[in-house]
Amino acid sequence: MGFQDTAGLYSAAAALRLALFTFFPALPDLLTSRVEVSTPVTSFKRLQEGLFLYNHNVSPYDGGVYHQAPLLLPLFSLLPDASTYPFFTYLLYILVDIASAHALYKIAESGEAATSKLFTSARKDRQWSGYVVAAIFLFNPFTIATCLGRPTSVFTTCAILHAIVKAISGNPLTSMLALSFAAYLSMYPIILLPPLILLAYDRQHPSNKTISLLPFAGITVLTVATSLSTLFAISYLLTGSWEFFSSTYGIQLTLTDLTPNVGLWWYFFIEMFDSFRSFFLGVFWLHLSSYMGGLSIRIRSQPLATITILLSIFSIFKPYPSIADISLSLAVVPLFRHVFPLMRYTFFAASTILYSAFLGPAFYYLWIYAGSGNANFFYAITLVWSLGQSLLVSDLTFAVLRDEWEVERPEMGKLLSFFTPTVDGDEIMARFVDDTEARGSVLIAADGSSSMTLSLLGEPGTLYALPARFMGVTAVLSEDEMKPLRSINPLFSQGAHPGTGYFMWFSVLSTAETNGSLGPG
Amino acid sequence: MSSSLTARGLTDRSTTSEFEAKTTSNNAEGNGDNGITNAAMVTTAQPNGLGPGSTTAKLKSPPPEQQSHIVRRSLIAASFWLLVLCLGIPIWWKTTTIYRANLPLNQMMNWADGKSCSPVFPIRIVIEAPSLTEQEAQSLISITQNALDAMHDFPGHRLRLEAASQTSLGGIIAPHDHENNALIIRLTPGDIATFEPASSPHAHLPIFEITYPPNSKPTPEAKSSQLATYIAAQLRSTFAEEQAILSYFLATSTISSDQQPQGSHNRIDESLSKRMTRSMKYSGTYHLTFSLFTSGSNPSSWDIDSAINQYLRPVLDMLKPIHNFTIDTQVQLYAVPGVQSQVLTKEDLSSFINAAEWPLSPSIGGAPTINFVVYMGNQTIDLYSGEETSQSWLVPQWGSVYLLSPPAATHVPSEFLKQPVLTFASHLLSLLGTPQSGSLPMRLSTLTRVRSVDMLLRASSSLGSLARLSLALPSISIPPSVADGVAKSIHHLELACSNLGSTKSLEHARIAETEAERAFFEKSMVGQLYFPDEHKVAVYLPLLGPVGVPLFTSLVTEFKAWKTRKL
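Going line by line, the protein sequences match chains A and B. Quick note on numbering: UniProt numbering labels position 266 of the first sequence as 266, and the sequence is numbered without any gaps. Quick note on numbering: UniProt numbering labels position 456 of the second sequence as 456, and the sequence is numbered without any gaps.
Hints are computed from structural coordinates only; laboratory data are not their basis. Each hint should be verified, as a subset may be incorrect.
[What the hints assert, rightly or not] From chain B, some residues computed to sit far from chain A (all C-beta separations above 12 angstroms):
1) Lys115
2) Val120
3) Glu136
4) Arg186
5) Ser405
6) Leu429
7) Arg565
[To be verified] Simulated restraints, written as ranges between beta carbons of each label pair:
8) Pro341(A) to Leu85(B): 38 to 44 angstroms
9) Ala362(A) to Pro542(B): 27 to 33 angstroms
10) Ala233(A) to Pro480(B): 33 to 39 angstroms
11) Arg565(B) to Leu463(A): 47 to 53 angstroms
12) Asn55(A) to Glu415(B): 58 to 64 angstroms
13) Arg565(B) to Leu16(A): 57 to 63 angstroms
14) Arg126(A) to Phe559(B): 36 to 42 angstroms
15) Asp328(B) to Ala362(A): 52 to 58 angstroms
16) Ala233(A) to Gly366(B): 37 to 43 angstroms
17) Lys281(B) to Ser229(A): 53 to 59 angstroms
18) Asn57(A) to Ser295(B): 51 to 57 angstroms
19) Lys281(B) to Arg34(A): 49 to 55 angstroms
Since we're looking at a predicted model, the values are computed, not measured. Ideal Cβ placement from N, Cα and C applies to all residues, glycine included.
With the rest of the complex left out, here is chain A:
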């Protein structure tokens, strides 16, 4: 795929969004009020409420509606009022989307997904270009719906992607700053810190390679702590109290607002006994963060894969997920285009996700508006939704591990696709159907009658059918049982029936185990 100007792509995406904003003026507000798009901790409506209180010098957290970070308020109060001049708000959200897409473009162009410092995939040539990855993100319906619904999670998305791109480009401090901002906005991205540290460590400039991992991790953690404290201090100065902790992170930790969403938490905690509520909140949060350690250790050689898998896990198991989260996880999955041939359930996962994406709103309508369904309808469909996503993430994990395994054990499961002499003519390069290749001076084909090598040479091996049928039987016999047969002939015996022409053959095979000649080696 040749390089094309990304400016065209970005302007097309911006134009599409602007057109939707302009020609369907009711659409943004409709999407804003959808539970699939807006959660209590990201909703644009709630942001408006907080903004109103903030502009009237009342604490934005009064009234218990606004649960978002305080720093969003001065940002949005700089913009003209969203209800009278919505254009500027639209513009901001479109720009944030394009910034995210550009970060994705750079991540994809870096090739980190297939060629990290410690690992090079045998399929690295099969990656999609940054242009395609950015286009998939920008024209993903989930991304577009998120942009129209204007939840504040887009800022988190943008910050996470920039943290990744900065880590890849060898700016660990900037990367940590971006991650701090993401964590400040939504709290859960802090779980990405360990794989991001590994990624930044692997990709730092060769000049400062002298530093080992532990001090490096110490410095980065310190950076994150400092920048987070600074952000908290600024928030304190803005709102005049530490109230924002309990109103933003406290809500996420304790799940006080049980508004339905596409996640798995709300229904569980509606049903949970009060006395076990705090215990299960702990269990759910531990579950969410437990993958971080195991994945970082297991896929140490590919930190970007760890981050991708964690992002997908977040969009399933975080307390207030929305389609903004799946748009992020679907944005980073195409970076791993090279392992797609190894994925086994793509069709099933994709159709499950599509199925629930269409049925979810319908069931929500049946429950809330029509009154002919109940909460179980919607919850069941969110279960299916999560099932689809977990299939996708587990399949991707499998594919990444399989890709790694094939590099470790190159002899396993090879199927020749073609061979050709190398450019200098000294060697023969054999390419296999799983996009791996091998070089050598001689290619020895021992692949049987229907040999691929033969057919590549233009003389496909053929089988000739004989006008005879054979039936074989095997029997394992002990030495005593064998004696009468051996007495006929120690090796084999044959004979033909004179009338029918049937032919009989038996042969004796003395194995190493039975005749006691099995050596020690």
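Since chain A is already given, all that's left is putting chain B on it; use the hints.
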């Protein structure tokens, strides 16, 4: 580009050649392996195609695992277990432990059984006898005291007679001198023996005037005297009602019967019990609502402020040491009563209040509300008897209603309201549980004592119930606030018990009662009341089971692998 073309052209072949690829690779692997089994040899003798899948599985024996991979796998298992042990277990412990604060159970049970405090009032009665010499007074007092002790019909009262100190003889009685005195008796010589309440300069101090004929004056030597017997009898009858009420409270409380005065059951009067159930639950503050409901558009205003100030305020002032009052008033036009008939029978009275439409909120603040309703309409009450026409009735634990025929004017002057407000005042007293006999100061001082005992008993019984509850349900949680409430309650009970009979005691008893009730009805305590242990399996297993299985199997596998490596 040519490469991709070739690849595409060959993919359809991949399925056909898959089997071969598999067998060749298996052979390649098998050759490197020492453990060629019997079965493997047999298979090679077998014709191709008779089920290589099943037999090749036996062939597979992966190369030995790299050391780094073993370490890595152990690390992964450890990372999950570290999280479970370092965070999961503490969270589980912290959030599911049932907090049980230590309660002074013995002390609580003692209070409930009445062992800690027996409600005995030292009632000090001061006798002022300016006309008697000190010696005469002393002898009179000792004789009367003997006579009173001889009656000893009720142990709850301990009447103690005292001579007034000389300083107060001049008629200047400082109120604080008499704080602990329940009654003052003034003896004045007269023609015939009388016993009547006298007006007191201190509203809260009942004073009785006794006039006696000079011949009944006791002599120091006499063992009995007519005057002394007379005083004793009068005192007994004065305190009879109070005794009856106290016995009633003791009888209905949870204090075990051996602590109760003997024979108290018999003395419980039907009418007394009725009166007691009629009265409001004690509260430090009551909210009085005066409502004017008119059947038509007239009258639309009333001079209730001045009527209250004129007729009710004196009573409220007298009650001040015991209760506080807040007052509001309202006028409602075109009010339709619950019963429309012209003549109200006794049965109609209970449904006269139109609870659905009349704005009589049950309780405005924290304080219980007492409602006083004046209804201006044409309805009359007929109680079958015919002769007596009543205009008002009392609704137990709620308030009182007064029927008035509407005046011509739109404004109701305060004079017109005199009778209703005076009736309300008397209804208020009975709603508060004031005894019916005696002078008003006497009734109020009795009310103080009666209410103290009432509160004391209620608090003690709440404490007892709480103690029994915490013993009976070992799985109930007892938050620190409950322990705190119990400690406060016991502290105030002790204070109340030590100065029984005074207004301070009432105050302490009231705090003790509130604290005990608050502790008993603590919300977080009852949440887990019925949660048997079997239910915990249902709570834990559905989620933690699936999570726990891989955790434990990984641990077991790692352990087994470690053991085989060791061998």
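Now the hints, each set against the structure:
1. Lys115: Nearest chain A Cβ is 36 angstroms from Lys115(B), so the label holds.
2. Val120: At about 45 angstroms from chain A, Val120(B) clears the 12 angstroms cut-off, so the statement holds.
3. Glu136: Fine: 74 angstroms to the nearest Cβ keeps Glu136(B) off the interface.
4. Arg186: Since the minimum Cβ distance to chain A is about 65 angstroms, Arg186(B) lies beyond 12 angstroms and the statement holds.
5. Ser405: The assertion about Ser405(B) holds, with a minimum of 53 angstroms to chain A.
6. Leu429: 46 angstroms, holds
7. Arg565: 20 angstroms, holds
8. Pro341(A) to Leu85(B): 38 to 44 angstroms: With a Cβ separation near 40 angstroms, Pro341(A) and Leu85(B) satisfy 38 to 44 angstroms, so the hint holds.
9. Ala362(A) to Pro542(B): 27 to 33 angstroms: 28 angstroms, holds
10. Ala233(A) to Pro480(B): 33 to 39 angstroms: 34 angstroms, holds
11. Arg565(B) to Leu463(A): 47 to 53 angstroms: The hint (47 to 53 angstroms, Cβ to Cβ) holds, given that Arg565(B) and Leu463(A) are roughly 48 angstroms apart.
12. Asn55(A) to Glu415(B): 58 to 64 angstroms: 59 angstroms, holds
13. Arg565(B) to Leu16(A): 57 to 63 angstroms: Hint holds: Cβ distance 60 angstroms, inside 57 to 63 angstroms.
14. Arg126(A) to Phe559(B): 36 to 42 angstroms: 41 angstroms, holds
15. Asp328(B) to Ala362(A): 52 to 58 angstroms: At roughly 55 angstroms between Cβ atoms, Ala362(A) and Asp328(B) fall inside 52 to 58 angstroms, so the hint holds.
16. Ala233(A) to Gly366(B): 37 to 43 angstroms: 42 angstroms, holds
17. Lys281(B) to Ser229(A): 53 to 59 angstroms: Once the Cβ atoms are compared, 55 angstroms apart, the range 53 to 59 angstroms for Ser229(A) and Lys281(B) holds.
18. Asn57(A) to Ser295(B): 51 to 57 angstroms: 52 angstroms, holds
19. Lys281(B) to Arg34(A): 49 to 55 angstroms: 52 angstroms, holds
No hint from the list above goes unmet by this structure.
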